[in-house]
Amino acid sequence: MMRRISCIITEIVFFLCCLWVDTTAQINIHFTENAGNKIKISFCDSLYESFLDSSGATSVSLSHVLTPGYATLYETNRIWSLFIDPREELEIWKDVNGKLRFSGLLATTNSYLNDNFLRYLTLDYRKSEVVFISEWEKLPKKLEVYLDSAKVPNRFKELERKRLHWLVCNMLLAYPLHHSRALNLKSYHPTRSYYERLARIIKEDDSLESLNEYRLALKEWISSIAYRDCKTNNPFCRLQKELEYVGDSIKSPRLKERLADIFITRYLRFSGTAHLKEVKSLHDKMVRDSGMKARFAQIYRQYALLVKGQAAPLFCLPDINGVEKKLTDYKGSYVYIDVWASWCVPCCKEFEALKKLEQEFQGKNIRFIGISIDRDSIVWKKKVKEESLGGIQLHASENSTFKDDYKIVLIPRFVLLDPQGRIINAEMTRPSDPKTKIILQNLFEF
Numbered sequence: 044m045m046r047r048i049s050c051i052i053t054e055i056v057f058f059l060c061c062l063w064v065d066t067t068a069q070i071n072i073h074f075t076e077n078a079g080n081k082i083k084i085s086f087c088d089s090l091y092e093s094f095l096d097s098s099g100a101t102s103v104s105l106s107h108v109l110t111p112g113y114a115t116l117y118e119t120n121r122i123w124s125l126f127i128d129p130r131e132e133l134e135i136w137k138d139v140n141g142k143l144r145f146s147g148l149l150a151t152t153n154s155y156l157n158d159n160f161l162r163y164l165t166l167d168y169r170k171s172e173v174v175f176i177s178e179w180e181k182l183p184k185k186l187e188v189y190l191d192s193a194k195v196p197n198r199f200k201e202l203e204r205k206r207l208h209w210l211v212c213n214m215l216l217a218y219p220l221h222h223s224r225a226l227n228l229k230s231y232h233p234t235r236s237y238y239e240r241l242a243r244i245i246k247e248d249d250s251l252e253s254l255n256e257y258r259l260a261l262k263e264w265i266s267s268i269a270y271r272d273c274k275t276n277n278p279f280c281r282l283q284k285e286l287e288y289v290g291d292s293i294k295s296p297r298l299k300e301r302l303a304d305i306f307i308t309r310y311l312r313f314s315g316t317a318h319l320k321e322v323k324s325l326h327d328k329m330v331r332d333s334g335m336k337a338r339f340a341q342i343y344r345q346y347a348l349l350v351k352g353q354a355a356p357l358f359c360l361p362d363i364n365g366v367e368k369k370l371t372d373y374k375g376s377y378v379y380i381d382v383w384a385s386w387c388v389p390c391c392k393e394f395e396a397l398k399k400l401e402q403e404f405q406g407k408n409i410r411f412i413g414i415s416i417d418r419d420s421i422v423w424k425k426k427v428k429e430e431s432l433g434g435i436q437l438h439a440s441e442n443s444t445f446k447d448d449y450k451i452v453l454i455p456r457f458v459l460l461d462p463q464g465r466i467i468n469a470e471m472t473r474p475s476d477p478k479t480k481i482i483l484q485n486l487f488e489f
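Residue numbering for the sequence shown follows this note's numbering, beginning at 44 and increasing consecutively.
These are calculated hints, taken from the structure and not from any lab test. Incorrect hints may have been included.
27 Å max Cα-Cα, derived DSS-like pairs, lysine-lysine [claimed, not checked]:
#: 1; residue 1: Lys229; residue 2: Lys200
#: 2; residue 1: Lys229; residue 2: Lys399
#: 3; residue 1: Lys229; residue 2: Lys294
#: 4; residue 1: Lys323; residue 2: Lys262
Model, not experiment: these values are computed from the prediction.
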């Protein structure tokens, strides 16, 4: 009887939480094994950061929490799902085995979200499309049974059913990428039935705009259509197709703006200065929200500093012997920069082609500089010696501003500078690309 009363009280409080209006939610974290580390919590398009103290504890206040909702907790090498509300403090402990324990009104809800069944839910992406989809089709029922058996409030279950639907959609949307990676394929093009199936289950829903899984599914669905319809592997072509779909098919004005902002900003971050003016024009045309416009303007200004003819951002980084080297040390020479890391397989595949370039241009007025972004300098030094890397090898630690100055999002990344230290190409071609040799040869033809 007491247990039944407790369940009823929990349901009532959960319902009232949905109606109350407040501005903050408090999360208290106790990760004793991670003292001194930084944690991040993402909620409603905001990111909150805090450092764990010497005992591994910290408190994070999330502002503008008007209704209960999902959040994401990021710690070193791990990601956790949370459900928070504006009236209840949430206490989180992590035991020596790395498992989370919760206390508070929504302890059972958060325990459910971080149970191993959901945390490690996956499918075998190596399998053929037909076999994969046949297994994928069984997921909704499995998740429904699992949720029905969970001891969580019914009102949470209503929202969670919607989240799980979009979680399953995202697993299908991920198939082309994960399948090609698992089998080491250069590319993979799904069948027509794959797209038809997705078109049947992905529907716009204004009420779910704050749900990450829903937003991710819409974004990936639109990107997959753009990839299918764009006949060339051209990022700007894909952006145009994405925006075309947003303009023609998305009904919600707010969602139109949000998606346009996401696609245009993503293009800028990953493709850099290519089509910079056209990109700004597209954003001006499709986005009116002042906050989005301000964020984009800030990013745009940063990338505008990397266009051809601009002075390259200066840096001062240690070489393998600990001697600080400045970019200005190489003024008077062309500079070809290779940004890499020891864990980056595509980076390491470029080493042989890079060595050949160095040999072919030996004696020419050009310096080849390798800049590693490895966290561990010992690992970097070991890799330099193992690969017998030539040229000038430098290390950009996490404390360096190099990655931010040059907007390093993906690696390998290559940059070409002129003898005056000005940018020729901030997204230069790779050593293995035949065009690279031709471009460098043209530098020395009079």
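Quick rundown of the hints versus the structure:
1. This hinted pair does not check out: Lys229 and Lys200 have alpha carbons roughly 41 Å apart, beyond 27 Å.
2. Straight-line distance between C-alpha atoms of Lys229 and Lys399 comes to about 25 Å, which keeps the hinted pair within the 27 Å bound.
3. Proximity of Lys229 to Lys294 is assessed by CA-CA distance (about 35 Å); at most 27 Å being required, the pair is judged violated.
4. Between the alpha carbons of Lys323 and Lys262 the distance comes to roughly 20 Å, so the proposed pair stays at or under 27 Å and holds.
The structure shown violates the earlier hints numbered 1 and 3.
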